[in-house]
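Residue numbers (this note's numbering), protein chains in the order written: chain H, 36 to 176; chain A, 36 to 176; chain C, 36 to 176; chain R, 36 to 176.
Hints listed in this document are in silico derivations from the structure and should not be mistaken for laboratory results. The reader is advised that the hints may include incorrect statements.
Stated by the list, open to error - Each computed EDC-like pair below joins lysine to aspartate or glutamate, with the alpha-carbon atoms no more than 16 Å apart: (1) A:LYS64 - A:ASP110; (2) C:LYS64 - H:GLU106; (3) C:LYS64 - C:GLU98; (4) H:LYS148 - H:ASP162; (5) R:LYS147 - R:GLU158; (6) C:LYS147 - C:ASP132; (7) H:LYS64 - C:GLU106; (8) C:LYS64 - C:GLU133; (9) A:LYS147 - A:GLU158; (10) R:LYS64 - A:ASP110; (11) A:LYS64 - R:GLU106; (12) A:LYS64 - A:GLU98.
Number of protein chains: 4
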Amino acid sequence: MPHGFRYRRRVQFAETDMAGIVHFSSMFKYMEEAEHALWRAAGMTIARAGAPIAWPRLAAAFEFQRPLFFEDEFDVTVEISAITSRTIQYAFTIARDETTIGTGTMTTACVKKGDDAVMKAVELPADIVARLSGVVDRKDA
Amino acid sequence: MPHGFRYRRRVQFAETDMAGIVHFSSMFKYMEEAEHALWRAAGMTIARAGAPIAWPRLAAAFEFQRPLFFEDEFDVTVEISAITSRTIQYAFTIARDETTIGTGTMTTACVKKGDDAVMKAVELPADIVARLSGVVDRKDA
Amino acid sequence: MPHGFRYRRRVQFAETDMAGIVHFSSMFKYMEEAEHALWRAAGMTIARAGAPIAWPRLAAAFEFQRPLFFEDEFDVTVEISAITSRTIQYAFTIARDETTIGTGTMTTACVKKGDDAVMKAVELPADIVARLSGVVDRKDA
Amino acid sequence: MPHGFRYRRRVQFAETDMAGIVHFSSMFKYMEEAEHALWRAAGMTIARAGAPIAWPRLAAAFEFQRPLFFEDEFDVTVEISAITSRTIQYAFTIARDETTIGTGTMTTACVKKGDDAVMKAVELPADIVARLSGVVDRKDA
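With the hints as extra help, turn the sequences into a complete structure.
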């Protein structure tokens, strides 16, 4: 069982494609859902109407080992794999029971939204990092 | 050939499902794309960051006659089927060449966005109605 | 509380749009997810690779009363509202606590898949109807 | 202007999220659409009902430089960046006029579909590689 925060999900019909398996782009949605569940587990929400800061992606990647099928139940395990003053990188493992479906990463910047829709990178709020780390480092997570 | 404004599109792989056909929810996206293309043909955009008014749905419906398949090219024809002081109802036909795939409707309200995210119905701006009607009533549309 | 089978869900970020609310097409995915959860509650799956019958849509409709927002938890309640020899119509209510978000219907045909991808309407298997009815009519559903 | 095969697209409303920009997962759909347009330009289709071979993903990655907005028109340029006996790696650039939105890669295996839904890697058909290369290497592509 991989270490980290675990998010459980079931494959929905609309996420499959004519090849009979989950469309590859859905893995990126599953990773994001796990990230947001981690924020909720840390007592926070990643997005609020009118919030002064936002968390756009800098990079996202996934390596596919085996397909997922309709109605499969699976776990997305998320860890914080790297932190800089302005970015968080998460690492993910998607697994159906003992079978690894694939692994991925997402790097997110912290930005301040200006009046002109321009986003300016800012330093990560220290309390947010502390709260997220608190959840993923929990023994029972 | 149905009367109205015509929007041409091709089915993408991610829009199919494990039944080998286009997922039924995609028809609602296709109708919306045609609506927005109609607005562009009328020299307008339906959504701008910070715009004071918005156009949420009141109702949407579709009747499916035949399936669409991967890479099919199809046309969405849109007409204005009803107008009240505060709503526009569009009627749509989706067809692949001479084959009707299905027909649908969408009813949209004009609302003013308040500071508190509350939406309040307001009267349709007359110039918007005139511009849209101008496009769908054109002989060559 | 509406009568019927209840499916609980949370709004995901990717389901929102630039208007700050859940995109209207997501309601159709939510209705389908509830339908498939009903089938599972009845001990069945609506789709299997190589299955001889399938359940395409004949019609789908939704009336929107209030918006749903990111991370809202909501319930989709599903009932069987009409049955003919070859079709099932489901009725849905989507609600966030006591607030009705909207109501909808979906009509599904039972078809046999031929070798040539042609779908031919067939009679509903009696045991499937009995199983589904058993779940939605349960007092504690 | 990047070298390679070019696919033009416009951002649709349903592809935006509550941050007011295109949802990051859409970039993976845009890359796939360009890949399939390349296959069509080479006189082929990547997926047919009942086809003996399929092209699942081994890896997909994207680096985000700037956001895309509703109704933006953009180009996805695709090249073949690596070929092994059993895999094709494509490299993509997404740009709005002279502004690079981001760059990505996708690696695809060629597999034979067995009766039991098991996929077995096989050698790339030589004629498929030749046809794709012919399109991306064209001077006027």
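Comparing the hints with the structure gives:
The hinted pair formed by LYS64 (chain A) and ASP110 (chain A) meets the criterion: a straight-line CA distance of about 13 Å does not exceed 16 Å. Distance restraint check for LYS64 (chain C) and GLU106 (chain H): the Cα-Cα separation of roughly 14 Å lies within the 16 Å cut-off, and the hinted pair is therefore satisfied. Between LYS64 (chain C) and GLU98 (chain C), the direct Cα distance comes to roughly 14 Å. Compliance with the 16 Å bound is thereby established for this hinted pair. The suggested pairing of LYS148 (chain H) with ASP162 (chain H) is violated, with an alpha-carbon distance near 20 Å, which exceeds 16 Å.
Restraint check for LYS147 (chain R) and GLU158 (chain R): satisfied, since their Cα atoms lie roughly 10 Å apart, inside the 16 Å limit. Distance check on the hinted pair: LYS147 (chain C) and ASP132 (chain C) sit about 40 Å apart at the alpha-carbon level, beyond 16 Å; violated. Taking the CA atoms of LYS64 (chain H) and GLU106 (chain C), the gap is near 14 Å; set against the 16 Å cutoff, the hint holds. A hinted pair counts as satisfied when its Cα atoms are at most 16 Å apart, and LYS64 (chain C) with GLU133 (chain C) does not qualify at roughly 21 Å.
For a cut-off of 16 Å, the pair hint linking LYS147 (chain A) to GLU158 (chain A) stands: about 10 Å separates their Cα positions. Pair hint LYS64 (chain R) plus ASP110 (chain A) does not hold up; C-alpha atoms about 21 Å apart against a cutoff of 16 Å. A threshold of 16 Å between alpha carbons decides the hint, and for LYS64 (chain A) with GLU106 (chain R) the separation of about 14 Å falls inside it, so the pair holds. Between LYS64 (chain A) and GLU98 (chain A) the alpha-carbon distance is near 14 Å, which keeps this suggested pair within the 16 Å criterion.
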